[in-house]
Amino acid sequence: MELDLIQDAFDRVSKKQKLSSSKTQQLVRQIEHEIEQAIMKMQSTENATSCPELKQILADLKNKLNEFSPMNQLETLQKDLNITLGKYVKVTEKSFNPDISKAYRNVDFDPHIVNQIIASHFYRQGLFDLGDCFISEANEPEAAALKTPFLEMYGILESMRRRNLELALNWASSHSEWLAQNGSNLELKLHQLQFVEILQNDSVQNALSYVRKHLAPNASAHKVEIPKLMGCLVWSGKLHKSPYADLLSPNHWEKLADEFMQQFCSCLGQSYQSPLSIAIAAGIHGLPTLLKLESVMAVKKQEWQAMKQLPVPIDLSKDFQFHSIFVCPVLREQGSDENPPMLMPCGHVLSKQSIVKLSKSSTRPFKCPYCPLEASVAQCRQLHF
Amino acid sequence: MDMAVDMAIDAAPNGDASAAAPAVAAAHTSTARLAQIAESLKLEHQLVRVPLEHLKKTIRSNYRLAEREFTAVLNSVAEASGSSDSRSMDETLTRLSSLVTRLQGLKRKLEEGGKVENVQVQRCRARLEHLGSVADADKLDDWKDARLNRILVDYLLRMSYYDSAKNLAETADIQELADIDVFFEAKRVIESLRNKDLAPALVWCAENKPRLKKSKSKLEFQLRLQEFIELVRANEHMKAIFYARRYLAPWAATNMKEMQRVVTTLAFRHNTECSIYKVLFEPTQWDYLVEQFKQEFCRLFGMTNEPLLNIYLQAGLTALKTPLCYKEACSKEDPLSQEGFRKLAEPLPFSKLHHSKLVCYISKKPMDHENPPLVLPNGHVYSTKALEEMSRQNDGRITCPRTGEVCNFTELVKAFIS
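Taken in order, these protein sequences are the chains called A and B.
According to this note's numbering, the first sequence is numbered sequentially starting from 1.
According to this note's numbering, the second sequence is numbered sequentially starting from 1.
Hints in this document: simulated from the structure, not taken from any laboratory.
Heads up, some of the hints might be wrong.
Said to hold, decoys possible - Each computed DSS-like pair below joins lysine-lysine, with the alpha-carbon atoms no more than 30 Å apart:
1) 166(B) <-> 147(A)
2) 218(B) <-> 79(A)
3) 18(A) <-> 109(B)
4) 42(B) <-> 300(A)
5) 139(B) <-> 94(A)
6) 213(B) <-> 301(A)
7) 209(B) <-> 87(A)
8) 318(A) <-> 332(B)
9) 414(B) <-> 365(B)
10) 196(B) <-> 166(B)
11) 90(A) <-> 115(B)
12) 109(B) <-> 87(A)
13) 257(B) <-> 278(B)
14) 18(A) <-> 107(B)
15) 102(A) <-> 144(B)
16) 216(B) <-> 300(A)
17) 414(B) <-> 360(A)
18) 41(A) <-> 107(B)
19) 115(B) <-> 23(A)
20) 257(B) <-> 196(B)
Since this is a predicted model, take the numbers as computed values, not measurements.
Next up, chain A with everything else stripped away, as it sits in the complex (with noise of 0.2 Å):
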């Protein structure tokens, strides 16, 4: 997209406009010249009611302004911009996609459900008042009990922020099982945040105690790290010059946080990015494709309408890659329960159609379309992704 193009287009607009707008001015500024001097001149005649002299002045007005012809000015004017106008018009037909909406297909799109998806995007994003706002406005009061979870959720972080790791703690202890099963040490790593922090702003003996109530009856757990957090002690208040100076970085905060929303979100079922955020980020990546497909296919409405896969590929990047899909190198169908890929004896995997269709029967050996090994049915494993 040439950008420069665009602009440089605009920028005639631009001086066209104020051109036209001066110019205007300017017109208007003439026209009331000469009435005024019309106006001067019959104030100065001598004799007051001299018809022809009278006439003879509005004459001349009506000539002078005939001269100048503001109307056909103005005209010029409006054409020549109005000319400019169109001409940027079609520079933004040409570089930018005229109508996106060509793809779009006429179904059901519940109001209701999108309503609430907005709904919970702003709780999830802090943004409460808007929430609030937005469903009383699209009249959608069950959606009020989306907010609780991120309520809590942005006032733990908020605590964070403000270096208060109580609340944080308590979370991560009442779902310390969770968190083991998930294998995150969330509630280690605030204990040692902790620590520092009390090494820091309070007294060795409270740094002491903390360790001995928090970190000592789960030792074993934490064979790397106590020793750790005990070496800090013998550098109580010179922590910045010792060996373990990294752990005052605030960005241990900053990663904590990040972490604990992380396995919150988690543990809430839901996803780390808002869901809207992946499912729009991913209609921005494939909505050229659609509508390169939509006039390249010319199809009927209807037949768009009622397709059922896509018949071209939407290339989405690794951030969108939520599941393993096998694809047959062969058959170039996707796998699915009732066909399975298989892996053959060379280390190459077709789907079971694929395979069964290439042995003809079950007990020949087939070979592989991509290496001379051969292989029989029975050797093959099903694979699961």
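Keeping the supplied structure of chain A fixed, place chain B upon it in accordance with the hints.
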């Protein structure tokens, strides 16, 4: 800010047995990303077109104002000098002075009009600059967030949720990029239609007559039909007939059937049970008029006739939709694991892949030629990196996360997926 980039639609398939050099792959991804950004800019016609149409409208109305006043002044002068009967000087002086006053009034109005034009020109420019700013790699995430918010503001405005729209535009600091003032013009008409008042809508049609005619719009006709029906409802039959003669007849040539249907209501009454005609008296007719108006309005301003949100959401859901999304085991990171998204996606087509795209169950990272899949004896497959890490932490033993079966790292075999 030159962004002339070639488009590359086909990306290389992953998991190629003939592994491409990583450096080439990395360069390819960044060119692909730039190409993708350039493609997405092409979707932004509405962003650029709406302030332009608004500017054109202001220019047009300023021009018409000047034209009217000029014509009036010049005609007055011509008339004064052309009249044969004698006029007193006082009369003439008064007339000329009033012309001067009129011109001064015009000057003021044009000045104000000029200021409005300047603001709108600035807005057009700001939009173009915003598009150019996508080249700034540091602020790309912010740019993308702004885009999502723009899409949301567009939706809120179209649904007439004006307070939310203003709130979001302020919070996200995208006021220059949102068309709130444009929609406010529509707000008046929409609210009056909701209050069963047709006058502002008819005024709007008159103001935009030439362009509505060009696009063969029937909006005015439909508004007039409703006015007729209201007269019938009030039992003002004679008034209704005169109204039809004056306002409906001009449209008869192209809309005979519809006109006949509505005029027939004269034969019935507003509480008729006959279904064809009963529906014309329903309050839902007003909702229909609101929708029609919204569509015309959006079309005149160069906006899409569906909200941007719907367009992008549909495209996104189709791009993401796979049969695996509807299973229990669907990853929670996938939007289609959520009930609402699933429902919306139901009538949409599935996406298609020409090449396998595999994701490791353990690490959630892609399994491709940089991180190839390894197969356990039980047939389950995970990524090399995840399995190497597990092996490292467990003295060479591998435990399948899904079945619990244990094996040695050495028992794993490579799978070649293209």
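A quick look at each hint next to the structure:
Between residue 166(B) and residue 147(A), the direct Cα distance comes to roughly 21 Å. Compliance with the 30 Å bound is thereby established for this hinted pair. A distance of roughly 29 Å separates the Cα atoms of residue 218(B) and residue 79(A); the hinted pair therefore holds under the 30 Å criterion. Taking the CA atoms of residue 18(A) and residue 109(B), the gap is near 16 Å; set against the 30 Å cutoff, the hint holds. At most 30 Å may separate the alpha-carbon atoms for a hinted pair to count; residue 42(B) and residue 300(A) meet this at roughly 25 Å.
Restraint check for residue 139(B) and residue 94(A): the C-alpha separation of about 27 Å stays at or below 30 Å, so the hint holds. For the suggested pair residue 213(B) and residue 301(A), the alpha carbons sit about 27 Å apart, so the restraint of at most 30 Å is met. Between residue 209(B) and residue 87(A), the direct Cα distance comes to roughly 23 Å. Compliance with the 30 Å bound is thereby established for this hinted pair. Annotation: proposed proximity of residue 318(A) to residue 332(B) holds, straight-line Cα distance about 16 Å (limit 30 Å).
With a C-alpha separation of about 17 Å, the suggested pairing of residue 414(B) with residue 365(B) holds against the 30 Å cut-off. Distance hint between residue 196(B) and residue 166(B) is fulfilled; the C-alpha atoms sit about 26 Å from each other, no more than 30 Å. Note on residue 90(A) and residue 115(B): the hinted pairing holds, with a Cα-Cα distance of about 26 Å set against a maximum of 30 Å. For the proposed pair residue 109(B) and residue 87(A), the alpha carbon gap of about 28 Å is at most 30 Å, so the pair holds.
Pair hint residue 257(B) plus residue 278(B) holds up; C-alpha atoms about 17 Å apart against a cutoff of 30 Å. A distance of roughly 15 Å separates the Cα atoms of residue 18(A) and residue 107(B); the hinted pair therefore holds under the 30 Å criterion. Distance restraint check for residue 102(A) and residue 144(B): the Cα-Cα separation of roughly 23 Å lies within the 30 Å cut-off, and the hinted pair is therefore satisfied. Restraint check for residue 216(B) and residue 300(A): the C-alpha separation of about 23 Å stays at or below 30 Å, so the hint holds.
Distance check on the hinted pair: residue 414(B) and residue 360(A) sit about 27 Å apart at the alpha-carbon level, within 30 Å; holds. As the CA atoms of residue 41(A) and residue 107(B) are separated by approximately 24 Å, the hinted pair is consistent with the 30 Å bound. Between residue 115(B) and residue 23(A), the direct Cα distance comes to roughly 15 Å. Compliance with the 30 Å bound is thereby established for this hinted pair. For the hint linking residue 257(B) to residue 196(B), the alpha-carbon distance of about 25 Å falls within 30 Å, and the restraint holds.
Checked against the numbered hints given earlier, the structure satisfies every one of them.
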